[in-house]
Each structure stands twice: as structure tokens, then as C-alpha cells.
Amino acid sequence: MTTNIFEFKLELLKKELDTIHQSIARLDEASMKIKNWAILIWAGSISIVLGSNETELRKVLLFVAVIPLLFWLVEGKCRRRQRHFIFRSQEISTFINSSQFTEVFKSEDFGSFNLMGIMAWDKESSEVIAFTSLKRILWFGSIRNFYCGLIAITIILQVILYPKSVIVKEPKPSNYSADSILMHQQTQILEGLIKLNMRIDSLRPISKPYGNLQKNDSQ
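Per the numbering used here, the very first residue in the sequence shown carries number 840; after that it's consecutive.
No lab work stands behind these hints, which were simulated from the structure alone. Ideal Cβ placement from N, Cα and C applies to all residues, glycine included. A couple of the hints might just be wrong.
[Said to hold, decoys possible] The calculated label-pair distances, taken between Cβ atoms and stated as ranges, are: (1) K945 x L912: 47 to 57 Å; (2) S891 x D857: 24 to 34 Å; (3) L954 x E868: 44 to 54 Å; (4) N953 x Q861: 17 to 27 Å; (5) K945 x L851: 16 to 26 Å; (6) S886 x E1030: 51 to 61 Å; (7) K872 x I994: 40 to 50 Å; (8) F952 x A882: 20 to 30 Å; (9) N875 x S932: 26 to 36 Å; (10) F979 x A864: 13 to 23 Å; (11) R975 x S932: 36 to 46 Å; (12) V998 x N953: 21 to 31 Å; (13) L851 x I994: 25 to 35 Å.
[Unchecked claim] Each computed DSS-like pair below joins lysine-lysine, with the alpha-carbon atoms no more than 27 Å apart: (14) K974 x K854; (15) K854 x K898; (16) K872 x K945; (17) K853 x K945; (18) K898 x K874; (19) K916 x K874; (20) K874 x K974; (21) K974 x K916; (22) K853 x K898; (23) K848 x K945.
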């Protein structure tokens, strides 16, 4: 009976290793697909913005850099799951290569070694937390360089292409022309006030003779 339990646990360990390796391979493929989708959507957005004749749309070119940022985070979470599998794989590898594994066959007992802990979800283990840290994973060279490259290209395109389109298509009025327009408007207002004042002054002398005539008629 003991032998049967030991063989069953040994078979579980083999299946666990197979499952871990398959999961790591699938997450590698998922990571590659995330990169492909990031390039596709980013390049499509760039082509739409640059192909537009509307200058207002060109102003949002810099916001296309948000796309690589989002995919960066998505791939980081995918890699984080993969790191859980990798940690468990290393844990099993260390156990198999240790003298403890030899004792397992002698005693036919795995002792304190836990089986079927496929993803190493041990939130209290500082080693697991450090190994699967999202902040650390996001700065891996294979991830960081790819997405930072897309963001850098977006910023360069914004700096090079957008100012040229603004200068050529929509020249901004100079401060001198704006001041001239303001002075012209103020001059027109002053001229209107002067004319209105002259009309008021021209009406004032008429009121006195008219009043004297009324007094003479009454006498």
C-alpha cells in the first residue's frame, strides 16, 4: 500500500512538471502574440493619424504612445503568471538534484515537499513575491526595450512631423498683427464716442431759445 502511494505521488510529480513546461511554452506564445498585436494596433494608429489632412487629428499623435504602454502592462501580467510556473519548476529541479530526493526513494516518502503546487501561489513567501514582482518584470530587457522603442518612435514622429505641419498649414498670427487689430478697434470706438458727444453738444443750444419763445408767448 505504501509503495502504491509513493508511485502515485511520483507520477503526480511527473505530470506536474509536464504541465508546468506546457504552461511556460503557452505563455511564451501569448507574450509573442501580445507584441504582434501591439505593433499592429500602434502602426495602424500612426498611419491613420499621419494620413489625415486634419491638423487637429495630428495633434493626438503623441497620445498613440498610450497603446504601447497598455500592451506593456498586459504582457507584464502575462509574464508574471509565467514566472510563477518558472519558480515552481526551479523549486522541483532543486529538490530532484538534492540528496533529499535520494532519501525519498529509500524511505518512499516525500516528507515536507508539497506536490501539485503548480503555480507557487505562496503569498507569504518573500522569495515568490520577489521573483514574481510586476515592477521587476516590466523592466526586463526583452519587454522594456521593445515597448520603450515604440514610445520613443512615437515621440520622435511627433517632434519632427507635427511642428512642420503647423508652420506650413496654420501659421499663427503674430503679436504685432493682433496688437494692430486691437488698436484699430479702440480707434473706432473713440471716433464713435467723439461723434456721439458732438451730437449731444449740438442739441444743447436749441433748448434755450425754444424755452425763451415759450416765455414770450405766455406774456
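Against the structure, the hints come out as follows:
For K945 and L912, the hinted distance range of 47 to 57 Å is satisfied, since their beta carbons lie about 49 Å from each other. In this structure, S891 and D857 break the distance hint of 24 to 34 Å, their C-beta atoms being roughly 52 Å apart. As the Cβ distance of L954 to E868 is approximately 27 Å, the hint placing it in 44 to 54 Å is violated. For N953 and Q861, the Cβ-Cβ distance of about 20 Å falls inside the hinted range of 17 to 27 Å, so the restraint holds.
Between K945 and L851, the C-beta spacing of about 19 Å keeps the proposed range 16 to 26 Å intact. A beta carbon spacing of about 55 Å between S886 and E1030 agrees with the range 51 to 61 Å that was offered as a hint. As the Cβ distance of K872 to I994 is approximately 26 Å, the hint placing it in 40 to 50 Å is violated. With their beta carbons about 49 Å apart, F952 and A882 fall outside the hinted range of 20 to 30 Å.
The given range of 26 to 36 Å is respected by N875 and S932, whose C-beta atoms sit roughly 31 Å from each other. Take F979 and A864: their Cβ atoms lie about 18 Å apart, and the range 13 to 23 Å holds. The supplied range of 36 to 46 Å is broken by R975 and S932, whose beta-carbon atoms lie about 21 Å from each other. The beta-carbon spacing between V998 and N953, approximately 55 Å, falls outside the hinted interval of 21 to 31 Å.
Between L851 and I994, the C-beta spacing of about 52 Å breaks the proposed range 25 to 35 Å. Restraint check: the Cα-Cα separation between K974 and K854 comes to about 31 Å, which exceeds 27 Å; the hinted pair is violated. Pair hint K854 plus K898 does not hold up; C-alpha atoms about 55 Å apart against a cutoff of 27 Å. For the given pair, K872 sits about 46 Å from K945 by alpha-carbon distance, which is inconsistent with the 27 Å threshold.
About 18 Å separates the Cα atoms of K853 and K945, which keeps this hinted pair within 27 Å; it holds. Under the criterion of a C-alpha separation no larger than 27 Å, the hint pairing K898 with K874 is consistent with the structure, at around 26 Å. Of the pairs offered as hints, the one joining K916 and K874 holds, with about 13 Å between alpha carbons and a cut-off of 27 Å not exceeded. Distance check on the hinted pair: K874 and K974 sit about 19 Å apart at the alpha-carbon level, within 27 Å; holds.
Simply put, K974 and K916 have alpha-carbon atoms about 10 Å apart, close enough for the 27 Å limit, and the pair holds. The straight-line distance between the Cα atoms of K853 and K898 is roughly 57 Å, outside the 27 Å bound, and the hint therefore fails. Proposed proximity of K848 and K945 is supported: the alpha carbons are some 15 Å apart, at most 27 Å.
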